[in-house]
Every structure is written in structure tokens, then in C-alpha cells.
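There are 2 protein chains.
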Amino acid sequence: MTTTTVPATSTNFDLRTGLNDQRQPLRRRISDMAAMFSDEAAARSKAAVNDELMYEFYDMDVPPTSGDIAYGTSIVYPGRIGDEYYMTKGHFHEVLDTGEIYFCLSGEGYMLMENPEGDVQWERFVPGQGVYVPRRYAHRSINTSDSEPLITFFAFPGHAGHDYGTIEEKGFRKLCVAGASGPEFVDNPKWKAEA
Amino acid sequence: MTTTTVPATSTNFDLRTGLNDQRQPLRRRISDMAAMFSDEAAARSKAAVNDELMYEFYDMDVPPTSGDIAYGTSIVYPGRIGDEYYMTKGHFHEVLDTGEIYFCLSGEGYMLMENPEGDVQWERFVPGQGVYVPRRYAHRSINTSDSEPLITFFAFPGHAGHDYGTIEEKGFRKLCVAGASGPEFVDNPKWKAEA
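Residue numbers (numbering that gives the first Met the number 0), protein chains in the order written: chain A, 0 to 194; chain B, 0 to 194.
Treat each hint with caution, since some may be false.
Same chains, same names: a pair is fine if it fits in one copy or spans any two.
With a Cα cut of at most 20 Å, we get these calculated SDA-like pairs of lysine to any residue [to be verified]:
no., residue 1, residue 2
1, K189, S9
2, K169, T3
3, K88, S30
4, K173, P6
5, K45, A177
6, K169, E193
For the record, the hints were derived by calculation from the structure and aren't laboratory data.
Model the full structure from these sequences, guided by the hints.
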């Protein structure tokens, strides 16, 4: 059924914090993320002292159709577990053949991407950077700043869905760590060829 | 055919100007827009003296599939033709059943929306405002500032396409004009029930 009147949605995201005061964000703390880090024990120890927020993002409840656009902001806070930067879980889309645009509003970091065939790419986030994640690529945001949140605005096809399980099982092939002269991508020793 | 490696696209939009120095924007000057204003003669006179840029936006050449997201920035400059604010042409999507998200980066104004059945809505743009244009709604951005460009980041389904013709023929049912105490939406005397 087609209704003749559909109200537009209008909502504000604070450009300084990335937060929307009309919606409850989804939040991931250190304890939620510990198993994804190379040094899980260090993450568990840190969480036991202060289980701080690693990132938060919004699900705006857009209809799950290919005619709609799911959107929101994502805020990854600065910090490290050992030499590994704070990051999002990362995921494939359930409908693998769907892409996503991330637009960096503030902060700095990387988008790490990987497809099922093993191609790995990363792109730098700086304010104003638009990173287009191609169809079929899992993606993870990583904050490499010492002090500032990484704030992005994202948009993806309404019907894409999320597959978190594959990355939870296998991990990404690469990690992003603080090296002597800045962030470096290194092989993930915990990566599994098969989920 | 599925290729196993698709390069991610990464490109910067200057958050102050909205411009991307890697791409040629699409530009609309007063002369391109004259027929859309209530006082077309005033627009033609103004264009004859100085045919200034009214707005510009980007087409990032994303594949036209429902798995992809077309995106870019739109910059509407401040100004008026008589009491009518500078604005975009506005359009329906060719695939009518597709929506679009506009995220305001700076400036102020309105998103004017209208569906084929005649429902008309408008939503205010301020920095950080996300305005979701529902499926089936034509949409036009309007800059109501005296001095600042209205800069938005937009994203819509790759397969949506553009129908500019309907609005070019019929117009929108409402106009946005400078009233005694700010912007006002009034009936468009040039609106045609049939294209």
C-alpha cells in the first residue's frame, strides 16, 4: 500500500560531539570489544578498572527497503589497548552487494576494509573526507588521534542489513597499531581463514 | 561479473566551502534558474548585469545500482530574486519510490518537499540537521541566510535517477519568500496542476 502522506524526518546531530539528543545511541564499551583486540587480556584488565565507552552510533529506524537510506553518526573515542587503537567491531552487510559512504565530520583515523576474497584496503579519515566503501567489503572505523573523537556521518542502502558474526569469528586480516612514526597496519595474528 | 578487488574511493570536501578540488561541480547560474522564479523578468535583469552562481553540487559517478549510494555536497549561495530566496531546481527521483538524506554542514535554510498527490512539507536546515526526504517526494533546498552559503551532504540510492522535467513544467506548489518577520511559504501563483 502506498500512503499519500509520509512525514519527513528531521533531527539534529551536534557537529561538535556527533550526538543526537532525540535518540538513544548504540554503545560499545571496552568489555564489549575485548575479544576483538590482539591483547584481549589487556582489554579485560582495562575494562575492570574503567569500562569506558569505545564508540557509539545511531540506528535511525529507516524502513529496510532498497528505496530508503539508513543513516546516522558514529563516534569512536580516542584510546588504545596496548598499541592497538580504539575501533568499531566492523561488519559485512548481510546483503553483501551493498556499499556505504562515510563522511568524516571531525577527528582523524582510518577506514579498514576487506572483502571475502581477501583484498584489504584502508583509507585515511580527516575532516571533510568522504570514504566510499565498495560493495562486498567489511568495514571498520579506527580512531588514531590521541585526544579527539573520530566523528563520521554514514549512509547505506536500507535493505543492506548487518553481518557482525563473520568478523567476530574471523577478525580482520590487518590490525592498526601505533608504530614509531605513527599508525601502521600489520598482520592480525588472531585472524582465522575460516569462520 | 563480480570482480574480487574494487578500489575504495576517498575524496575530500572542504568543510568551510563545501567544495571538492578533485571533481568538477555541476553549476546553476541565475540565467539557468530564471524560469523557476515567480518574478522571471527580475531574474533575467539580474542575470544580464551579473549572472552569478546560484548553486553547485557534485555527481560522484557512483554505479547506478540499488546496492550503491550516490553522494556529494550541495552548496546554495545566499541571495534573492525579489523576495524569493535562492534555491535549487528541485526534482523527483526517476524511481519515485526512493528517499534521500540531506545532512546540513553549515548555513541555514529549508528543504521543501512535495509528493505527486499534493502533500507539501518543509523542514528547517541548521548545522547538524539531518532531513530525511521520504520516498516519492520532490525536494528543493532553499538558502534563507543573508550572507552564508547553505552547505549540505546528501546521499540517495544509486538507482534513483533524476526527474527534473516535472518540476520544470509544473513548479512546486509553494514558494519560500522573505516576509516581514523571516521566511514564509506562500502559494506559487505559477504552479500548474498538470505538467
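*Violated constraints from the hint list, given by number and in increasing order*: The structure breaks only hint 1.
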